[in-house]
Every structure is written in structure tokens, then in C-alpha cells.
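Asker: Go ahead and model the full structure; you've got the sequences and the hints to work with.
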Amino acid sequence: MKILAIETATEACSAALLIDEAVSLRYQVQPRMHSQLILPMMDELLAEAGLSLAQLDAIAFGRGPGAFTGVRIAAGVAQGAAFAADLPVVPVSTLAALAQRAFRELGWRRLLPAYDARMQEVYWGAYGVDEQGLVVSQVADEVSAPDRVTLPEGDGWQGVGAGWSSYRSLLEQRLAGAVEAVNGELLCSAQDVALLGAAGFAAGRAVAPEQALPVYLRDKVALRPGESRQK
Numbered sequence: 087m088k089i090l091a092i093e094t095a096t097e098a099c100s101a102a103l104l105i106d107e108a109v110s111l112r113y114q115v116q117p118r119m120h121s122q123l124i125l126p127m128m129d130e131l132l133a134e135a136g137l138s139l140a141q142l143d144a145i146a147f148g149r150g151p152g153a154f155t156g157v158r159i160a161a162g163v164a165q166g167a168a169f170a171a172d173l174p175v176v177p178v179s180t181l182a183a184l185a186q187r188a189f190r191e192l193g194w195r196r197l198l199p200a201y202d203a204r205m206q207e208v209y210w211g212a213y214g215v216d217e218q219g220l221v222v223s224q225v226a227d228e229v230s231a232p233d234r235v236t237l238p239e240g241d242g243w244q245g246v247g248a249g250w251s252s253y254r255s256l257l258e259q260r261l262a263g264a265v266e267a268v269n270g271e272l273l274c275s276a277q278d279v280a281l282l283g284a285a286g287f288a289a290g291r292a293v294a295p296e297q298a299l300p301v302y303l304r305d306k307v308a309l310r311p312g313e314s315r316q317k
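All letters in the sequence shown, in the order written, are residues 87 to 317 by this note's numbering.
Since the hints were made in silico from the structure, they are not lab data.
Taking CB as the label site, the calculated pair distances span: (1) G242 <-> L125: 37 to 45 Å; (2) A135 <-> R158: 26 to 34 Å; (3) A226 <-> L137: 33 to 41 Å; (4) D233 <-> E134: 44 to 52 Å; (5) A262 <-> G219: 24 to 32 Å; (6) F169 <-> D233: 36 to 44 Å.
Every residue gets a Cβ at the ideal spot worked out from N, C-alpha and C, and that includes glycine.
Answerer: Shown next, in the form of C-alpha cells:
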């Protein structure tokens, strides 16, 4: 299996090429440079492997939630490359990819990834790890105020992502002692988008390029004066 994955939803910009079980990665933390970095990263990986786009099985991308501009970049680049090479696309939740990285690098298995969604809200999800070492959603990705997140069952959870850096006290108060460890510095990586994308492709979850859409979780980017957000 040959999957090219891209991820631009956070401060990190990355691309990864998965060939069977081997993954090559390009990764840079360069905010506001994603549109300049991502295409050269993709080209470098393909050239290094001696492959063209048309020789791939699919393209995977971090579909969001995350920074609006970054999510749009990933979706647009994935669509354009897939159209050009007549390839299917596998959208991957960026919260799932963050959870996958935390499992891969830290060994954590009960994961609460969270991104800062601005406007005093967080993008949020809850994930466990299956027998194949892949994260599985336990609570659907959502956006809410930190003190209104959906409570997962049980305890022994680990919080990961910038949402924990921004709102740790509120989240820990809301979760009432269910969290045993927190890493607020870890960012999403295309390596984990590639791993989850390969699993999604094998499971038949690839879509046509025109169906590879970003997921924002928020319908409105800004509120008018005097409005309040309802949840």
C-alpha cells in the first residue's frame, strides 16, 4: 500500500509517505508558512521514493478540526493532487491523528485530544486504542466551551493538545479527576494521518476528490455584537 498524507491544521506542517509499513516524514513547525511548505514536502517524499502521484493508492489528509486556513489548505491540496492523478482521498480527523501520535510516542491509551478553537472554546474528542494499535473514537469530535465538554466514561484518561495548554484548569475541573496525565505541547503529524489513512483506505472509507471536504465543527466563525453562542 502506498499512501501520501498531508497535515496542516495546527502550527506544524507535515507530509508523510507510507509504503506498506514504512513511513517517511517531512515535518516543520512554521506557523503561517504551510501553503509554501506543503507542496515541496510532498515532492521531496515522492522523489526520494522514486514514485509519481499516479503510482499511489490514495491521498490522506487531516480534515480538521483545527485552524480554518490550515484545514482549507490540506483539503485543497489533497483534492488538487487527487484530481490530477485520478486517486481516491481518505479524510482523517485531526483529533484522531493527534491521539494516534500520543499513543505512538507516549503509549497513552485513553486519550482526550483537544485543540484551542478560539472564542473561548475547544475542539474535543475521546479515543481508545484497538488491538491493531489504532485509535477509535469513544466520544464524537465536537466544539464546545471547556466547561461543557462531553464527559467520557471511567477514569485514567490522558489529555493531549494545545486545548489543554489554554484551558487546563477548566477541563480538569469539568472532568472531575478523570485525567491522570496531560501533554499540551504535542502537535498533529502527517505520520499519524498516514497510519489512519491506510486503515481507512483498507476499510473502504476512501472518497472521490470532490467529496474530500474539510470539517470545521463550527458553522459560524465570528459572532455579531450582542450575540451569544448556544450549545
